[in-house]
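These are the residues of each chain, in order.
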Amino acid sequence: MARYQGWFALVLALAIAAGMFLVRTPLELGLDLRGGSQLTVEVKPAGDITRVGAEEMEAVKAVLDRRVNGLGVAESTLQTVGESQLVLQLPGEQDPTAAARVLGDTALLEFRAQKPDSEAEFRGLRQLRSQVEAILRLREDQIRRGEIPEPLDLDQLKSTQETLGLDGQASSEEEQLRELLKKVDSDLLMMLEPAALTGKQLVTAGRQPLQNNPNSWEVTLNFDGEGAEAFADLTKSIAGTDRLLAITLDDQLISAASVGPQFKSAGISGGAATISGNFSAETARELEVKLRGGSLPLPVEVIEVRTIGPTLGAENIRRSLVAALSGLALVALFMVVAYRLPGAVAVMALSLYALFNLAVYALIPVTLTLPGIAGFILSIGMAVDANVLIFERIKDELRRGNTLIRSIDTGFSEAFSSIVDGHLTTLISCAALFFLGTGLVKGFAATLGIGVLLSLFTALTCTRTLLRFLMGYAGLRRASNFLPTGQLPSPTA
Amino acid sequence: MTEESSSAQAGTVLSLRWSLSSMRHRVWLISGLVVLISLLGLLLSWLDPGIRAPLRPGLDFTGGTQVQLERRCDDACAELKAIAVSDVIRNLDLPQEEGQPLPNLGAPRVQLLDGGQSLLLRLPTLSAAQGQAVIEAVEPVAGPFLTGGQSVDTIGPSLGKQLLRSSLISLLVAFSGIAAYISFRYDRRYAFLALVALAHDVAIVCGVFAWLGVLLQLEVDSLFAVSLLTIAGYSVNDTVVVFDRIRERSKDAADLPLSLQVDQAVSATLTRTLYTSGTTLLPLLALVFFGGATLYWFAIALALGVVVGSWSSIALAPSLLTLWDRSRD
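Those protein sequences? They're chains G and W, same order as listed. Per this note's numbering, the first sequence runs over residues 1 to 493. Per this note's numbering, the second sequence runs over residues 1 to 329.
Treat the hints as calculated values from the structure; they're not laboratory data. For each residue, glycine too, the CB sits at the ideal point set by N, CA and C. Certain hints may be false.
[What the hints assert, rightly or not] So the derived label-pair ranges between C-beta atoms look like this:
#1 G:A62 to W:V141: 51 to 61 Å
#2 W:L33 to G:T77: 47 to 57 Å
#3 G:S413 to W:L33: 52 to 62 Å
#4 W:K81 to G:G146: 18 to 28 Å
#5 W:Q111 to G:R66: 34 to 44 Å
#6 G:S413 to W:S158: 20 to 30 Å
[Said to hold, decoys possible] Okay, derived cross-link-like pairs now, DSSO-like style, lysine-lysine, Cα gap no bigger than 30 Å in a straight line:
#7 W:K161 to G:K61
#8 G:K158 to G:K44
#9 G:K61 to G:K200
#10 G:K395 to W:K161
#11 G:K44 to W:K251
#12 W:K161 to G:K442
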């Protein structure tokens with residue numbers, strides 16, 4: 001008996017420890033329960049790299065980590081999933097638009113000089129670009145407000161398209177304008193020298209409002225020693241000419257400036273520059289975040305965005321909790337009715353089981369999602385199964401006329417092999433799901449797997465210890481606490 | 001560990017509560033018919049021009065954007081017709097994404113849920129900004145919306161294929177792992193029959209959802225894949241316990257004919273199997289009745305799997321075992 005008192009003390013100590021741990025460490029809730037945004041990006045192979053390996057993923061993740069931190073959403077997490085995907089979770093964030101923009105861009109910043117003898121054409125194209133862009137923005141605004149925009153000057157559009165070598169096949173007028181812009185952009189790029197320096201040589205980036213117009217912002221840059229030198233050389237080579245210094249981001253011209261003749265001798269030294277390209281406070285901040293994070297070594301694509309509102313999350317958690325608790329209450333009632341004293345013991349053991357489960361979730365930690373809760377509820381079913389198996393065996397032994405204590409011991413040992421087999425087969429599927437599955441499937445497999453492991457422990461240790469402990473009291477040591485008296489063999493038989 | 005009690009057991013004649021082997025033809029007929037109806041459902045779904053797959057694939061598998069909005073209704077919701085919402089979406093001019101073709105909003109699917117209290121939009125894959133633009137455009141017609149009551153899911157088309165592939169791979173790995181374990185602990189016949197029972201359970205649950213897809217336009221999502229994997233695990237767990245008892249009987253009462261051993265083992269585990277299925281069903285039914293809409297069909301699939309799984313482990317798998325041995329004799 002002393003042996004069981006020792007076990008009993010251990011179980012009690014574990015329960016108290018689990019309870020205290022849970023009070024101090026709150027459970028981590030998934031985005032489907034607390035609301036927020038989740039973005040999945042896929043890293044695409046490009047250039048010389050045909051397969052995305054662990055090293056490339058590390059490099060991409062480092063850059064995205066810096067960008068995400070720049071966004072300033074509390075408790076955001078970025079995790080590698082599978083071989084080529086990253087999942088960003090933004091708890092509480094309702095509008096993932098900015099995050100999607102910040103994540104998706106390569107952010108390759110380049111400083112390039114304009115090719116000699118292209119001044120007139122370059123200027124013409126830039127002028128055309130700003131005109132076309134202004135028309136397009138105006139029309140988009142009008143359409144958004146539900147107004148019908150004025151028809152375009154089709155002759156002018158046609159002649160412009162012909163000069164640029166476009167066939168004008170796009171479906172709508174807006175599409176045609178967008179096509180035009182794209183063509184102008186690529187023509188502009190053709191007129192630039194290769195990059196003299198890139199975002200790699202950047203030390204920091206910042207932003208500030210323009211002095212004459214506080215609604216317009218500029219982004220400030222600081223280069224390292226090598227970058228400063230390259231920047232000085234670059235500006236020196238075009239100072240005093242009509243050639244412009246072009247700044248491109250992901251192959252798009254974002255700013256172009258002339259360099260005054262006073263820099264003819266030494267170029268712009270000191271390693272600092274500003275980009276002023278019609279930025280609002282928000283777009284300036286996004287560019288700053290991207291530049292600070294550095295450019296991505298490989299292109300990425302946002303392949304999944306999930307957003308769930310916090311009240312929807314709260315509703316989910318409330319309903320699932322109600323369901324789980326009412327289901328458990330019914331199971332508890334059933335156990336007591338069907339198995340009497342051991343049924344009540346099993347209810348105690350199962351309460352401990354639930355407590356241990358939650359403590360393990362907090363300890364690892366497991367992020368609780370809706371499928372995770374479903375896995376937990378299902379694992380309770382399996383934990384009950386273990387108890388049912390044992391009690392059925394005990395009843396069998398009692399019906400054969402064995403003594404109570406002997407029946408209990410035999411019941412546990414006879415049920416042992418089928419409990420182990422049943423749990424292990426479930427565990428095998430859990431392992432397959434956890435290591436090969438994705439997202440939701442993983443969360444489900446994690447809670448079910450933990451549940452199955454703990455169920456082995458509680459059924460074989462907690463139930464047994466509690467039962468043996470109670471058998472120490474003579475008042476409880478009666479076969480009629482286990483079986484209706486009618487089913488017991490009569491002593492003479 | 002069974003040694004000490006075996007002598008006592010051999011003398012006791014176990015009462016038969018259910019003589020399985022005498023009704024095995026009926027068991028096979030029932031299982032065969034239900035599996036046939038299930039396969040018919042899968043086939044009909046495949047032939048349906050709107051589905052073209054054994055099961056109607058949901059957003060998780062096809063890719064696209066799904067927007068759910070909760071409307072703020074103080075007393076009663078203002079009258080809303082789905083067609084009004086889809087008109088707005090059809091005429092919407094989306095913001096362009098760099099280097100991406102503009103998604104075609106020609107055929108949005110608009111559903112009103114909970115008596116018009118919430119709105120479900122199914123659209124082609126949109127970027128985050130475009131999704132926001134849709135919500136803003138719909139608000140004047142169907143709003144005001146509850147802040148915090150909205151959800152936007154966008155799944156890229158490649159993700160669905162990955163999900164399908166990873167689900168199938170994990171299912172196959174789980175199958176072979178379980179088969180290897182049972183072959184090791186029992187023998188290959190038991191492993192084969194456990195897999196037959198498992199395939200039977202999975203086929204029936206798939207068949208029911210195929211019928212639901214054809215008749216009620218119900219779509220299967222990634223949670224359905226999870227439920228199939230769970231049913232697979234549960235089915236084997238259930239069957240193994242019965243097999244464990246059959247093995248025990250064949251050791252303790254080796255002189256009895258196998259069909260009697262099987263009958264005795266099934267009778268002895270009948271209470272346990274029914275109780276266990278019952279207690280597993282209780283929380284699942286609680287989820288069906290009280291759980292959120294997210295888990296409704298998930299819980300139904302699991303509950304169905306538990307019922308079918310119990311049937312296959314107390315009736316189908318053991319009765320097939322008797323067939324095997326007679327053909328050998």
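Verification of the hints:
For the pair A62 (chain G) and V141 (chain W), the beta carbons lie near 45 Å from each other, so the given range of 51 to 61 Å is not met. The hint said 47 to 57 Å for the Cβ distance between L33 (chain W) and T77 (chain G), and at roughly 51 Å that hint holds. Checking the proposed 52 to 62 Å range against S413 (chain G) and L33 (chain W) shows it is violated: the Cβ atoms sit about 41 Å from each other. Hint check: K81 (chain W) to G146 (chain G), Cβ distance near 19 Å, so the stated range 18 to 28 Å holds.
The hinted range of 34 to 44 Å is satisfied by Q111 (chain W) and R66 (chain G), whose Cβ atoms lie roughly 41 Å apart. Between S413 (chain G) and S158 (chain W) the C-beta distance comes to about 53 Å, which lies outside the given range of 20 to 30 Å. Taking the CA atoms of K161 (chain W) and K61 (chain G), the gap is near 24 Å; set against the 30 Å cutoff, the hint holds. As the CA atoms of K158 (chain G) and K44 (chain G) are separated by approximately 38 Å, the hinted pair breaks the 30 Å bound.
This hinted pair checks out: K61 (chain G) and K200 (chain G) have alpha carbons roughly 17 Å apart, not beyond 30 Å. At most 30 Å may separate the alpha-carbon atoms for a hinted pair to count; K395 (chain G) and K161 (chain W) exceed this at roughly 51 Å. Between K44 (chain G) and K251 (chain W) the alpha-carbon distance is near 60 Å, which puts this suggested pair outside the 30 Å criterion. Restraint check: the Cα-Cα separation between K161 (chain W) and K442 (chain G) comes to about 17 Å, which is no more than 30 Å; the hinted pair holds.
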